[in-house]
Amino acid sequence: PRSPNDEDMQKTHQRLVDDLRFIPRALSLLTYPTQTSAPLTLSLIRNVHNLLASFEGTIKVVQQTGFPYDSTTAQAPWNPKPDENTNGLITYPSIFRDVLIWALNAPHLPPFPGSPQDKRPELVVEILGIIFAMGGTEVSRALHASPSFGTFLVEQEALPALLEIAQRQMDTVIDNIQVNDKAVSALVPSLAVLYKFSAGNPTFRDATKELVFPPAQEEEFWKLSKEQLLLNNQHQDAATDDNNDNNNNNNKQVPAKNNNMQPLDAPRGTLRWKLIHLMTWTESHIKRYASELLWALCEENPKEFVLRTGMGNAIGFLGAKGMVQIPNNN
1 PRSPNDEDMQ KTHQRLVDDL RFIPRALSLL TYPTQTSAPL TLSLIRNVHN LLASFEGTIK
61 VVQQTGFPYD STTAQAPWNP KPDENTNGLI TYPSIFRDVL IWALNAPHLP PFPGSPQDKR
121 PELVVEILGI IFAMGGTEVS RALHASPSFG TFLVEQEALP ALLEIAQRQM DTVIDNIQVN
181 DKAVSALVPS LAVLYKFSAG NPTFRDATKE LVFPPAQEEE FWKLSKEQLL LNNQHQDAAT
241 DDNNDNNNNN NKQVPAKNNN MQPLDAPRGT LRWKLIHLMT WTESHIKRYA SELLWALCEE
301 NPKEFVLRTG MGNAIGFLGA KGMVQIPNNN
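The opening position of the sequence shown corresponds to residue 1 in the UniProt record's numbering, with each subsequent residue numbered one higher.
Quick caveat, the hints were computed from the structure, so don't treat them as lab data. Keep in mind that a hint or two might mislead.
For lysine-lysine, the following PhoX-like pairs were computed, each having C-alpha atoms within a straight-line distance of at most 25 Å [to be verified]:
(1) K223 with K274
(2) K209 with K321
(3) K274 with K287
(4) K209 with K287
(5) K11 with K60
(6) K209 with K226
(7) K81 with K60
(8) K182 with K274
Derived DEER-like restraints, expressed as beta-carbon distance ranges [what the hints assert, rightly or not]:
(9) S71 with A320: 45 to 53 Å
(10) Q217 with M261: 16 to 24 Å
(11) E84 with T280: 39 to 47 Å
(12) N79 with G316: 43 to 51 Å
(13) K182 with Q228: 21 to 29 Å
(14) L109 with S43: 13 to 21 Å
(15) Q117 with K321: 25 to 33 Å
C-beta atoms are modelled at their ideal positions from N, C-alpha and C, and glycine is treated no differently.
Can you build the whole structure from these sequences, using the hints too?
Okay, here's the thing in structure tokens:
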């Protein structure tokens with residue numbers, strides 16, 4: 001097959017975008033018909049995603065595409081709403097937002113994820129992928145930077161479904177020890193979106209934290225944390241005393257130090273175990289976003305971060321942030 005960078009392929013994409021006006025036509029189809037199905041929606045959004053990835057002129061067109069809101073014709077099942085950031089127009093960011101909520105939590109559909117024939121899980125993954133692919137563009141910022149959208153996801157009870165998708169992707173990556181582009185393209189967008197919302201929205205962060213670190217297990221975690229911190233303090237005090245008295249033939253024994261190299265409470269198979277496991281994954285993007293998500297859930301508190309993930313897992317991430325000094329080989 002031809003590469004997306006092939007000259008003939010670029011000409012084809014340019015004709016599709018510039019001459020046939022596929023981008024506004026697709027947005028119109030996602031807004032106005034009353035019987036738009038999940039498979040058709042998936043196909044339209046996937047084609048937009050493919051164009052974004054392979055034809056650089058697509059991003060500008062997506063940014064500039066919008067329609068005035070008309071409640072009499074905007075009858076798609078996800079109830080399209082105008083985008084407050086673009087003078088009340090229906091835009092791609094607003095459609096991505098509305099379709100995402102509909103797919104995760106539509107009251108008239110079977111509970112997510114539905115039957116094997118249900119395309120909603122694929123649709124959600126595609127939307128997360130397109131948000132991630134847009135990087136720092138307006139489409140991405142409109143979703144990432146809006147605190148109200150993160151709160152809206154929580155209020156609509158869509159967060160558990162979002163985490164379920166991420167957990168399925170983690171299972172695929174971990175079980176098959178995947179480190180290739182396929183693993184990255186599947187998992188990183190989910191982790192990145194969860195991280196962005198958790199870092200920027202306290203409501204979303206707290207709700208996500210309760211699902212990753214269930215309240216029923218928190219009492220045991222904090223009990224273990226107190227024991228760990230007490231042991232660390234005892235070791236530090238004893239080591240200081242021993243250093244002060246080392247010329248006086250002091251025979252006092254310094255307690256053995258537990259360096260908290262492993263997580264205090266992360267049973268194998270739990271969501272928190274999977275995220276922590278990915279902190280040391282060989283693929284750098286997966287490793288980064290798993291770590292960033294956990295860092296955000298710990299409210300950027302290094303002590304809690306180490307207690308929850310273990311120093312052995314945390315040290316590389318904290319070192320990259322300049323919070324610990326990692327000795328070099330010399």
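Comparing the hints with the structure gives:
About 22 Å separates the Cα atoms of K223 and K274, which keeps this hinted pair within 25 Å; it holds. Between the alpha carbons of K209 and K321 the distance comes to roughly 22 Å, so the proposed pair stays at or under 25 Å and holds. Between K274 and K287 the CA atoms are separated by roughly 11 Å; this keeps the pair inside 25 Å, and the hint holds. Simply put, K209 and K287 have alpha-carbon atoms about 19 Å apart, close enough for the 25 Å limit, and the pair holds.
For the proposed pair K11 and K60, the alpha carbon gap of about 17 Å is at most 25 Å, so the pair holds. For the given pair, K209 sits about 20 Å from K226 by alpha-carbon distance, which is consistent with the 25 Å threshold. With a CA separation close to 22 Å, the supplied pair K81 and K60 stays within the 25 Å bound. A distance of roughly 18 Å separates the Cα atoms of K182 and K274; the hinted pair therefore holds under the 25 Å criterion.
Between S71 and A320 the Cβ separation comes to about 49 Å, which falls inside the hinted range of 45 to 53 Å. The supplied range of 16 to 24 Å is met by Q217 and M261, whose beta-carbon atoms lie about 20 Å from each other. Checking the proposed 39 to 47 Å range against E84 and T280 shows it holds: the Cβ atoms sit about 41 Å from each other. Distance hint check: the CB atoms of N79 and G316 are about 45 Å apart, consistent with the given range 43 to 51 Å.
In this structure, K182 and Q228 break the distance hint of 21 to 29 Å, their C-beta atoms being roughly 39 Å apart. A beta carbon spacing of about 19 Å between L109 and S43 agrees with the range 13 to 21 Å that was offered as a hint. Taking 25 to 33 Å as the suggested C-beta distance range, the pair Q117 and K321 does not conform, at roughly 45 Å.
Checked against the numbered hints given earlier, the structure breaks hints 13, 15 and satisfies all the rest.
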